[in-house]
Structure formats: C-alpha cells, structure tokens
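Could you put the whole structure together from the sequences, leaning on the hints where they help?
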Amino acid sequence: MKVLLYLFIWIGLILFAGSPVEAQFSAPAIGAQVFIEPGQRKEDVEKWFRLLEESHMNVCRIRMFETHMKKKDGTWDFSIYDDAFDRAARHNIKIFATLFPATATGDVGGFKFPKSEHHLQQIAGYIHAVVVHFRDHPALQAWVLQNEPGVGALPDNSFSRKMYAEWEEQKTENPYRIPFHKESLDDYLFIRYYTTWYLHWIHDQIQQYDSIHEYHVNNHMLFVNLWQYDFPSWMPFLSHLGASIHAGWHLGYFNRNQYAMAINADCDIIRGGAAPKPFWVTELQGGNNLFSAFRPMCPTPEDIGQWVWSAVASGAKGIIFWTLNPRSTGPEAGEWSMLTYQNEPSERLTEAAKISRIISDNNIFFASAEPVTSDITILYCAESMITQNIKDMHLQDDEAGRKTGAHIKSALSYYQTLLELGLPANIIEMGNYPWKEHSPSPRLAILPDMVTIPSRYRDDLYRFVENGNKLIITGLSGFYDEYLHNVLQDSVQPLEHLLGTRVKEFKVTGSYFNIILEDPPVTLPAHLWRGEIQPLHAIPAGKYEDEVVAVRYRFKKGEVVFIPSLIGLGSWQRDNEAFAAWLKKETAGYSGSLPFVYAAHYPLVILKEMKSGQSFLTVLINTDNKKHSVVLIPKVKKTPALLTGGSVSASLKNYIVDILPDETVIIKWE
Amino acid sequence: MKVLLYLFIWIGLILFAGSPVEAQFSAPAIGAQVFIEPGQRKEDVEKWFRLLEESHMNVCRIRMFETHMKKKDGTWDFSIYDDAFDRAARHNIKIFATLFPATATGDVGGFKFPKSEHHLQQIAGYIHAVVVHFRDHPALQAWVLQNEPGVGALPDNSFSRKMYAEWEEQKTENPYRIPFHKESLDDYLFIRYYTTWYLHWIHDQIQQYDSIHEYHVNNHMLFVNLWQYDFPSWMPFLSHLGASIHAGWHLGYFNRNQYAMAINADCDIIRGGAAPKPFWVTELQGGNNLFSAFRPMCPTPEDIGQWVWSAVASGAKGIIFWTLNPRSTGPEAGEWSMLTYQNEPSERLTEAAKISRIISDNNIFFASAEPVTSDITILYCAESMITQNIKDMHLQDDEAGRKTGAHIKSALSYYQTLLELGLPANIIEMGNYPWKEHSPSPRLAILPDMVTIPSRYRDDLYRFVENGNKLIITGLSGFYDEYLHNVLQDSVQPLEHLLGTRVKEFKVTGSYFNIILEDPPVTLPAHLWRGEIQPLHAIPAGKYEDEVVAVRYRFKKGEVVFIPSLIGLGSWQRDNEAFAAWLKKETAGYSGSLPFVYAAHYPLVILKEMKSGQSFLTVLINTDNKKHSVVLIPKVKKTPALLTGGSVSASLKNYIVDILPDETVIIKWE
Amino acid sequence: MKVLLYLFIWIGLILFAGSPVEAQFSAPAIGAQVFIEPGQRKEDVEKWFRLLEESHMNVCRIRMFETHMKKKDGTWDFSIYDDAFDRAARHNIKIFATLFPATATGDVGGFKFPKSEHHLQQIAGYIHAVVVHFRDHPALQAWVLQNEPGVGALPDNSFSRKMYAEWEEQKTENPYRIPFHKESLDDYLFIRYYTTWYLHWIHDQIQQYDSIHEYHVNNHMLFVNLWQYDFPSWMPFLSHLGASIHAGWHLGYFNRNQYAMAINADCDIIRGGAAPKPFWVTELQGGNNLFSAFRPMCPTPEDIGQWVWSAVASGAKGIIFWTLNPRSTGPEAGEWSMLTYQNEPSERLTEAAKISRIISDNNIFFASAEPVTSDITILYCAESMITQNIKDMHLQDDEAGRKTGAHIKSALSYYQTLLELGLPANIIEMGNYPWKEHSPSPRLAILPDMVTIPSRYRDDLYRFVENGNKLIITGLSGFYDEYLHNVLQDSVQPLEHLLGTRVKEFKVTGSYFNIILEDPPVTLPAHLWRGEIQPLHAIPAGKYEDEVVAVRYRFKKGEVVFIPSLIGLGSWQRDNEAFAAWLKKETAGYSGSLPFVYAAHYPLVILKEMKSGQSFLTVLINTDNKKHSVVLIPKVKKTPALLTGGSVSASLKNYIVDILPDETVIIKWE
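Residue numbers (the numbering used here), protein chains in the order written: chain F, 1 to 670; chain U, 1 to 670; chain H, 1 to 670.
Read the hints as simulated data drawn from the structure, not as lab findings.
This list has only true hints and no planted wrong ones.
Any copy will do: because identical chains look the same in the list, a pair fits if it lies in one copy or spans two.
Result set (EDC-like, lysine to aspartate or glutamate): computed pairs, CA atoms no more than 20 Å apart in a straight line:
id, residue 1, residue 2
1, K317, E351
2, K72, E173
3, K47, D490
4, K354, E54
5, K627, D658
6, K504, E347
7, K42, E53
8, K504, E344
9, K115, D204
Encoded structure:
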C-alpha cells in the first residue's frame, strides 16, 4: 500500500516539478524547519507545507523526536511524521531529517555524547527504527546526523572516561619532559577527536540501513566552537556540511552592523571546511526570539535579504530558516517563527520568498554559480583557539588579547576589512589549506595572532614562501608549539630563517597603542603587547619609538611581512581605516580572478562575487547607517542587470553603485 | 505562684490601660522587636520595655530561640524569656512570639523546611515545650509560626523529595503530551504547595496546645518571593498576615525615592492577601545596617514618618520595628537598632513615638479606620512570576523584559502612577480577585505583562467584562497558559473574542521605543517587544509606524483596552508622564468612593486615604526632591485638620496642600 | 670526588670574591630566579649564571622540582640541579633553594598543605633526599621552606579535618554563650594556625639533616593574605622573612601610580614582621606577563629603579627578580623574563645591574645601612581583616567600606599620605607592636578602621597612652571583639575611659561625604558611615552638621584622637589633600630621628630614608605625571652626593630636589 502511495507521489513530483529533479536542486534551495509535534491539527500541517511551496521553497528540515515516536511499551508510532512526510512530498518539499534520540529534560538542542555503553545501544536502536521506516520515503533528502555538535565542556561519565583513556594511549609522548604540566591541549583535543568519533559512529549506524540519501551535520556557535570541528576528518563520510547561524545566539562577538559580515564569515569558513563538497546553511534565524537566546532579536526583511544573499554568494547550496512554524510548548514556544500566530506569512517569509523567486527566475545562472574570491586566504588554527581557551583567566576586566576569541577576532578583522576593500578572501583552517598546491598566480596567506603554530606546519610555511607566495604574520603568531612550549626561546626560533628576523621580547604597552609603518606611511592601531624584533636579513618596516616592530623579508621566491603586535585586534577595537590602507597595499596583485574590486575602502559596505559560466554576480551589502556611492573597478567587460536593490541604477554603466543603509544590491553581469 | 503573678499583671493591665483591651488594640499598634539573648543585664531588659511604654508603644516581638532554652541534657530553661514576658506584661506590652526551633549555623533567619522526618519530630517537640510553657502568659498576643517563609531554591533532602513525590502523584496530567520538556512550572509550584503544607503543620502543632491566641506569618522579599505565598490557602488557619519590609534587604527593584511607594505596595499586596482578615507590618527597618543586607541604609526620621504612615494608611493593624535593641554577637550584632549604644532613643524611635502619640490622640478615628481605594485593581499572577523565573537566562546585560521581575515591575509601574494621580489602587493575586462579585459600580482590573494566564481564569475574564466591568491588558499578557503552552498559536486565541482582536506577532523593537496612542494623543514609552495586532471587531487605538499596537473593544456590557507591548516597564524605565495622562483618561469613572483625588499627576507625590465613620484621613508623601503644591479634588465636604506635616496649611480650605521634599502630610477631614 | 670539587670552588670563591664572604653579603644582594628544567642546553645555563655575575649579582633562587628529580623507579637523579649548583658556585652566585615536592597538575605555585598522612610522609621523603644531597654544596645559602604560603580557602581533606579537630579542642570557649552563630573567626584562625604548623613541620624536617644554612619563607598577595601570616610564631625558626611582589598578580588594590608606594608598604610590613631578623624580597616582577597574572604588565626600567630602591630603602637584605630566564613549557612559558629570547639582557636587567653596581660602589655605606623611620606606626590587625572577609557579602556594587580590604586600604591611606609628607612610618601587626617598650621620645600609633580589636589588646592601649604616647583611632575601630561581639553596647564601652567618649551610633551617610574638623580647619572626605559621638571628658574636634564626629582627649600623660568615620578610605577614594594637612598637624613631634622631612605635602612623591653610621641616604620617588620640586627640611647637617637620578642637582645644597615624572633620586648625605 505504502509503496503504491510513494509511486503516486513520485509521478506527481515528476509531472508538477516542471524541470528535472536534479536541475531543480542545483540552484540554491531555500526552505525552513517545520516543527512537528503531537497535538497539531492536520490542516495546520498541510498549510505549512503549502506555504513553503507557495513561497518558492523546495526543502524543509524536520526534527525526528524519539520521544514523539516511541511508546511506553517499546513499540513505535511514526504516524505524525508519516503524515508530515507525505504532505511534504505532495508539495514538492524535500526533507532534511534530523536524528533526535530521546534526551533528558534540559537538553534544549539535544545531548552531544552518549552517557554510557547502554545509552549508545539505545541510540543505535532508535536510529535503526527511524532510518528503516523512512529510508524509502520519496521526500527524504538527507539525514542530519546530530543537531549542532559542540559542547561547553566534556561531560563526565563512564563512557567519556573510557573513550579518553583509549585515546590517550594512542598519543605520542610530549617531547618536553615537563612532568608538572596542567596546561596541555589534551582535554580539548580529545573533545575534537571524540566529536568526530561519535559523528562517524552515527553515520555508520545509518549506513547499515540507508546508503542512498545524503549525510549532513550542522555546526553552530562557530566562532567559539570552531576548534571542536575537524572538518577534514568529517568530510569523507558527509555529503555536505552545514551551519546554524542565529543572530540571537551566535553573534556575540559582533555589533549589530557586523551581522551580515559575520554570516559571510561563517559561511566562508564552512565552505572552506567542506570543500570540494558543498555546504548548506541548515539553520538561519527566521523569527523573533523572546526568552531564548542570548540577545533579543527579530530579523527585519532587510536582515533576511542581507543574510540570504550572503549565504548564496558564499556558495551555500541551500538555506533553511529556523523556523517556519513555532514550537507550541516548552522551550522556544511561540518564538522564532516565520509565520504569524494565524499561520500567515510574516514579512520575513515574504522577503525570503521574493529571493527564492529571483533565484528561480535566474535558475540557469545559479545552478552552476560558484563564489569567486581573491587569492587571499586568512588562516585560523584550532590549536591557537584552544590555547586561548586554556590561558583565559576569565577575569571581568581583562583585555581582549588575553581572552578566548583573540585569534578568531583577529582573523575576522582581516576578513571584514578585505570585504570592505572589495577583496573577498577565503578563511580556512591551517591544516586544511593546500600549502603545496601549485597555483597559476601567487597566493597570499595571513596568520593573524595565531598564538600556537603546531610544528607540523613549519615546513609548509617555508615551502609556501619559497615557491613564490606571500605570508602576512601578525600578533603573537608562533609563540607556542602544540605542547605549549614557547619556541621563541629555542636556540633557533622555528620561523627565524623564514622571517629573516628574531623576536626579542613582547611588552605590555597599553590596551590601545599605535605603531608607525613606513610604506604606506600609516599609524596602525595595536592592542596590549608590542613585539620587538631583531632583524637579521629582513628590512625594518615599522617602528614603535626606536624599536623595530615590523619587517618585510624576501625569502627565496616569496615574501613575508611580519608584525608581532595585535594589529588585527587593534583595528577591530577602534578603527580600521589605516589597517585598510595598509592591507590594500599589501594585497596588491592578489585579487586573483575577481571580476570586480572596489576602488576604495568603503567601511561597512561589503562585496561578495559569484561566477557562472561567463556571467558574474556582485552582491553589495551596506550595513552602515549612511548611503554610500561605491565605485567598482571592473576586470571584465559585462553588461549589468539589477536583480534587486539599487534604486538608483543609472550610474551602473559607470560602475558606480548607490547603496542605501541596510540595502542589499544584487547585480548580474552578462 | 506563677498563676498569681499573672493574675496580678492582668489586673494591672486593666487598671492602667485606661480603655478596654479590645478598643486599645483596634487602633494600629506600634512596637518593636525586643531581642532577648543570654548574658543581657536585667536592668537593660527592663529599660527596653519601659522605653516601649514611654514611646506609646504597646506591642513587641520576641524570637523564641530553642538554642537559648534547651539544655544539653534535654531539659528546658525558659528563664530569660520568662523574665522578658513578665517585664513586657508589667509595661503593658503585648508579645508576638516567633517560634524559632534550633537551626544550623548559617541560617541567619532560620531554616524554612524540615530536613527529615526526625527533624520534624524535633520541631514538634520544641513547639510543644514552648507553647505549653507560655500559652497562659497574659502578655502573649500571637504566635508567629515561622520567621519569613520564602526560599531561593528547594532544599534537596530526603523529606523534600518524599513530599515532592507525594505531591506529583496528585497532579493532573499535562494535556500537551510534549514528553521532552524541562520548562514546566512544577518545581516552583511544589515550593508554593510545600510552604503552605509546612505552615499548616506548624499551626496544627500549636493548636493542639493553644487555640486561644492569634496565629501569624510574616512574609519577606515580597516582590521576589510573592509566587511562593498562597495566601488564600493560608488565611483559614491564620489570624492575620504579616510583612517584613527592610529597605536594606528588600527594595532592590527601587530607587531611593520609590521606597515609600514600595512599602505601600508591599502593604497593599499583603492586605489583599489577608482580606477580610487584618494584616501587620511585622518587621520594618528601624536602624542602621552595617555589614548585613544588600544595601547600606540608615532610615532618617523622615523615612520613619513616610513608612509608618504608609503602613497605617494601607490598613495595617500594627507595625513592629526591627529592632528596638540590637543583637550583641554574631550576625547583625550592633546593627538595625532604634536605640543608641547607650540604650537611649534614637531620633528614629522618637519619630515613631511621635506617630504613636498622634494615633493614640486620635484613637476613636483610628480604631475603626479602614483604607479607601479606587475601584481599580492591579492583578499579579504567581504563574507569571514563576514563568519569568524559569525563562530568565541570568545574563549580565539582558533586558529587563526578559528577566525575573518583569511582571511585578510592570504591575508596580501602574501602582505608582495611580498613587501619583491620587487614585490608590488595590493589588491582588489573580486567583484571589472577586471576579464574580456584583459591585455597585463598574470595576477596572489591570493585567500588566501577565505572561502566563492559567486557563482556569479565562471564563472569569469573559464574565467580568460581560457584566459591565473594564479590563486593561498590556505587555505579553496571555502568551502562555499554565503548561507554558503558547496559546497564541491555537486555532482560536483564548482571549480573541474578549479582545475583538488577535495577536499577530511580537517583535524585538528596542530597549526603548515609543508607541503612539490616539486618545489621549500621547507618545507612550515601551520596552523591548512590540506586539502587532490584527483587529477583528476591536477599534484600533494606537500605532507603531503602520501597525496597530493598541485596541479598544466594547465586549457586551464592558470594555477592554489591549496593548501587547511592555508599556508598564517602558514608563518605569524612563518617564511616566505620558503613561499617567493615558491612565488618567482610562481610569475616569473608577475612583469609587474615594473622598479625594488629585487634580493632576504629581510625580513622586503619593496619596493614600482612610475612612472612619463619616471622617476621612488623607496621607500625602512627597518623595520628590522639590516642593509640590498638590490640588485635591473633593468628593465630600469636610473640614480639614492637620495632624502632622504641612507647614503651610492656610490653603487647605482650598484643597491645596503644600508639601516639602520628604515630607508626610496627614490631614483628618471631619 | 664531589668533595674535592667543592673544595676547589670554595677556594675559587675566596680568591675571586675580593672581599670576605660575610662582608659581601651584608650590603643588599641583588639576584634573580634561575629556572632549571629538563631539556635545557648546558651553554644556556652557563650563560645565565655568567650574566648574573656580569650584572654584579651574587644570589639566585632555584625551584627544586621533585618531579624533575625522582624517577619512576623511586631513585633520584639530581644531575640538572647538580650542574646548576656547580655553575652558580663557579660564578660566585649563592642559592636560595625552594623546596618543591611533587604537586598535582594545576598547582602553578605548588600545594600549600598536605592532603593526607601518607602525603606528609612522601613530602618528608622528598625533603630528606634533597637536603641530604645538597646540604654540603658551597653555593647553597638558604632553604625556602615553601613557595608562597597563602590560600584562598582551606582544602577539605582528611588531614586538614584531623588537624582542625585537634586545634578546636585546645581552644578556650566563647564566653558569649550564643549557640547559634556561624559568624566566628574560627575557620580563618585555623588557617593561620595550620600554616604556621606546616611551615614549622617543614623546618623540623630540614633541620634533621641541615642546621647550618638559612631558613626562609616568601609571602605573597600580602594585602589580601596578611591575616594568614603569624610572623611572631614563625620567626623563631626562620633566618629571615621574604616577600613575593608582582605588579601583575598582587597589586590589585592599587592604581599604576601607587605601585612604588605599595611595594614600600609590602616591604615595611615584612620588615615589621621579621624584626629584629632581616628580610628579603624573594620575588619581584622582572619581566612581561602575557596570559598569567591578573593584570597585564611589563615593568619599565623606571619601574625597576623605583621598586629596587624601595626595597633597599625599606631595609631588604636582598632582592631576587622573578625571573632571569623564562620557563619554556606550560604555565608562564616565555613570560616574566629579564632576558630577551636570545638570552641577552633586557633593559630591565641592565637597570638592575646598574643599581647593583651603585650598591657595590657604596658597599661600606650599604653594608651597615638601616632604614630610618618616624616614630609613627600604623597598626593592622589580623582579626579585623578576617572580620571583613566574613562580613563581605560579595555583592557586585557594594561599598568599599563593607568589603574585604577596607581595613588594610585604610591603613595604606595613612601610609601613603605619610610618605608624601616625608614621614615614613612603620606598619606592624597589632600583636607585634612593642606596646610596653619605653621609648626615648613619645610614639604615635594609628588604628585605621580596625573593626575588630581583640580584648587582649585593651590594656596595652590604655597603658600606651598613659605612658605619654598618642593614639589616632578612626573608622569602625573597636566595633567588635574577637568573638564578633559588638562591644559598643556593653554597659561600659571598652575604650570609653581611654577616649573620654562613647560612640552613640553609626549611620549610613553616603558613599562620599565630608566631615568638618576644627584644627586644622579642613573638610575631610569620609565614606559610607558616620559615627556619632557622645563626649564625656573629651573635647569635640569635628562635626557633621550638629553632631560631634571627632574628639581629642588627653588621657593621663598621653593623647587620643578619635574619629569614628571612614576617613582613611574617604581620602583613598577621592583626594588626600585635606587628610595630609590634618595628618601633618597631628604628627608634629613624631618625626623621631629622621634626618629629613618634607616641607610640604607632595602628592605621589614618596620619601624613604636610611642611616649608616653617621651617613644618610634619601630615596625620593616621583610616581606623579608631573615634575615636582621637593623641599627637604634637614635635621642634620650633611653634604649631599647624588647617586642616581636628579638631573638638576644644583639646588641640592638648598635642600631642593627637582624630580621628574617616574624618576627615582638617590642622595647620599655624608
């Protein structure tokens, strides 16, 4: 019977879809979480899927609560989910099904690790039941292995202790023979390992029963949790990677006018982690939060525009809002919704539908569109993030440079300034960067306050520059190795030959201080510590009073710029005008295949770009509170077509884009 | 022998008192805590009671420490308390005796719940010993069952777990079938239940030995603990209710110039909880605190005047200061006293004595005086307070609307503004309000940010308006039901027909924003969220940009005004001028039997009123830092007599009261 | 073999030293911690000791990690320490060897108490092994019994519970028979006792094997931990006392421009605790801290000058920087160093060497130099510090007067102001002050907000004044006795006859308020509480409105000034100009044998003085941000010679010293 129904649905899908399934899904999909709960009225569920379809949406996500399915006698009742899946299929909506084994009260987003061997078996039983039941449903697109991996601290239970002991045995021994040593990375590296292990285990369970559908994981709280995510170890068993991005929960490091930038950064990091596989924005804040989340927030239609276009321009293959309909009871009840309480579309859903429509109208372009970036890559390093976590004393009035987040904020300072220069950069984990790849044009890599550089990367750094590429290294980068050994006091500093320079000392200089660079002659904001340099063969490039604090060095075919002061954080905290002037000069020649760059630095006006065949797309977002007239410098000769925004388009031919506060301007160039 | 002594004392009391005991106690009594400790000199104890008598005081409170009475061998030595009781009797001082079973170190105010079955038996033994010993003493007036019930969190011990399990079994099941659900009210509702159970148990113990004297409980930290106090369940076994009010401990929500208002609110809530039985202010801060209490504070004579007259005007049958003499050792040693260290009256005691004398001089009036209020009642709801406790994420920089206290602060914003309009209101728990009572004139009830309205009240609300009364409903009122189910997404919103309106959405709009009302045309401060309305039959009454955010609806014989934005908190945070203008208009016709109202809004000048036979009393308190000339609008024709304050009384005949900063003006109208 | 080597070294020492060992060590020694770790290169270790020698340094400190020495099979390998000791000897460097038994990870500075009886035996085994091995080494000067005693809270383990129980049995009973009483000093007094017990135990272990070398303990976090240190009980088994002073860790109570003053206070307290034995500054911040310590800090050469001269002028027999070379791995890796990462001297080491050279050039003077102070002593009391710890509610916005530190900050307010008047004072624990000593000239003792005065000192206070001396008592001094009994409510206040006065009340008056003194007529800043006085025979000396708040009383041959308001804290918080004017007058006649005093109050310019034979030394330090011209009033006729600082020395003959911001001026007067 069921088989017949599915057959019918498949035929329906093919008849109504108007285009082959594959093609339909190659342009970025837009959709939303549909919350299925006991007690919902059938007509409401029907309306939700109909609304998705009417909004040009073709994908949804559903959380598969074990507690809704498993009865007290141990039998299973999938009926409310069967109903939802069938309705989804009838409305041409594909489903990301999130595995959600029974969880103790209090786990709002679900537990992250099994509590015991017995618990692990219970989870296996749940996965078996759910996967076997739904694997043949035509609406199913992907299994989400776990909702939002990522923990504050390792849970202390028998299972995690056993796993830790096993992991410890495999480790190579610390070479520094310092027996008294609390401050090692081990506890954190174990969490990183354990997360991978558990996701892999879940994957293996599913694959026993279903090897056809896609496998997905959505990461969250990225700028804090990033060190936990070992993407290179995940991607072999995932079909695509995902991001949960909620302004209310996840953007605590940012001001309101940096949210669009932060969402770009989140997407670009996930793209870098997933490559060459695709990525999705699996959760994007779609509605108002009341009591949940750290910051009260209701996205405006302008926010929705900025965020969705940011995700699309970053290459997301799909964006799923959290959430179409709100939960009704308990945590988040009545919050986060894209519908009114009358199940009518909010202005947020209307805006999302409008974008969906534009994408659908330009299906050919978007189906094969890929982001274009400069040849610049900002690198982050899990071990550096961990180091700052360990070293943070969690004092109330401490300085940002000494706290968790100093490394990633430094990286984002570069990222933001480059976007404001029209030079979208990549942002990738140190171990994931193709150091040895031979590229047609020289590449530029930036190491921003990367306090810990594991020794395994040293050779990569030397070879990279040797082969004609460029490095910018700033902040306390390279202070420790992976054993928290301070390598600067080694008889030869590991990067000494690469930098043509030795670090002499670091000195607390002030929460805010400036260093003077020679070329360009700028006064660059810096923060907390000044690193003093003893140049060997390098050329001094900047001073603080009489001390050399910046050098430039030609190493073989490449070049290194080294400024061991916190200039990323300094500009982040105060003003990035001088930083932008300096970066503009240092990045000259690294714009790569970008079709357009900015003629100047436009603060808070960011540029992302895409390419599809011989056509291009530029996405400009103005998060400033005033109008900007942005001048693009074209590297290609194309005719502009305004897809959205940009009330004053007359000057587009002269490559001038007038952009109002909060506006997103999308131009297709053909 | 003892019996003879008591007989003698009784005779003395009757001879000296000058009026029958009953009459003497019908005017508000004023007194103070007398702290009895080992090691005190008899002449000091004697002096304390003599000072009370000389200060026209006729009541005291004594804490009956088990640890002072029970000897190591298990026998009892009541001698220091016997002595104190006898001296009290000789000086015509009645005693509120506070039961205080032995407590572990650290319980400054005593434990709140038994720790085990065995502990419960120990407590029973203490109660038996003390009650049997003192029940026949002529000075005894009342047993205080427990000092200040109210806990931060439920103590985790075998007894509380047993009680919880029993309680849980009796509960009706949650109808929403959401199995995964931390966020229920249960833990809090159990505390509420358990407090009642334990007080009742104490009462039952006492009553086995003494059913003649009064039973009393003094509540504290009212604006925080209120949800724990189930007054309707208490009053059947209490003779009167009580309040502990210390500026240093309990008024953390308030600015210094709101203390008198807060004390009025505290008294009015306790009166509402006790009615129709009387209430007392069982503790009122009488002296300087040093290291104890959250805020350093020493009441001035002006404070004493404001606070005592506030309590009297709210209908308190007695006020007992904390404390006449200070403790000597340990917590609070040398603090809180109304005496100097030389056992001389402080200026605070002198001021209290002055008031006592005025009350005594107007004994006939005060003996039958009752507060007069408007027909306006502000409602609070235990479940709403609990909800905000549960939902509070306790973030450092969070918004007041998302934190514990949002509901009660919203209520107090109405309360304060009405006092400043000369419209003293009642303030009562939702479940304690006489919804079905037929009143001669229409009544007005206000539901301020009552985020959770239990379903059992819905019918009351409909019937109340149907019968010709009026409701003002603001903030997030009615967002949840008692299961934290968000009722706004039900197919029919529960109050939809009553409001002629549906709530569409809530949107974070700003810590501070304004909405525009039509009539009166005011710009009303609001906070955090804006509720957008879809009017059905209701008439739009206010806007935010183009959205309807306020409606007015005639439902059958009554009327509802509905503004689902936090206007109470908005005015509390910023300025209540517009709020007052709006409230003045909305409350027209609900002044009830008030003999006087203000002609205008006098910020920080509050009005309370009393009636005794055909005479009236007006209490005006100016907590502003400037002089005000207040114009009263009389509804009665009486001749004024100034009892205290009001240096410039000439204009009283024109109903103009000049009132200086910090001044309290008491006028009797006959 | 080893013995021969030592013999050789001894001969070398005698040949090269140029002066007998005893004489060499009688001028203040300057040195630094040498950090010995596994994996260090021999040439680096050699260079460190050579650098010390070249820097005119003659002492170092080495932490003797058990974890570096004890092998898994239980045998010992001392080789890296043997090597370091031998090199030290060859470079004429004496060693303070810090015992450092194996510690759990996380104990950055080592554990403070044994965890069990078994642990105690392990520690004994370690001490035996290390002491026996190194006791004959010629480089060894002293054993540091334990690194930095001082804990946040008592560790809860079987051993500490056993010790507590034993201690409790010996105590005399609390006379106040208040059975319910959490707030006793016991838990704190036990820590004080237990620390002494454990240090004594360590001493006894060492002495079994080595009774020839010196015994030392270095205290830290002094202004917080002071109540834990029972110096009079320690000194019988110590050779000298020590201080650890790191601006980054220990000076949280102070502004940047108070650091030099704070270091003087720390040294003076330690000198007071050690007397008549000498003291050392066993740790002084010598380098930059990054992630460790509460406050980021890198001393400038000017800081080094101020701090070292402060220690010298306070009488330190040696100063040991933390640290010559940085640790390489784990906590503090790459931080705190006086060397660059190339093992070259930093400017800080160069400055220290310069001072070392000056001392060495003036060896005859410094070998017998002793600090000269006024006849003024500021007293602190362990019980008062403990009381404020107990009473502190740890509220976020609480007032300084109610918090931990109020007593010691009050003391330091006097201390700083007196230094700025050129009247260096002593600062000593109440129980360590020679109350009964007959002095040639009258003495002045100051009790600043000494909230708890144990009853055992009462008689001392009476006798002290009776014998012609003077007391200044301010703040809440004498509010409690050692049982936290409030003595002010006793029938006779304990100090009533001494003060000719009774305290009537304390009243919260304002975070900032002023009292008016008569002579000199100043408006004195005060804080929080105003104490009101009932003079008996005393003469009113100051008012707040109409209340007497200050008195002066001639008691027998002496005099008392009593101001029971927080004037020390008030001046500390705001401005000490009026306080200085008042103190200058009150201290007239108590300059003692000081050769020089200031002609005026020079804010933030402090004066310390030394005497050696008939020669003197004045140390002036300007921590203000502007130049001062300081006028000295000479009591002796000597010829000045500028040792360092003081660019404009021409006016020295007129006793005028021009001193630039941050400058330290050292003048020898012969």
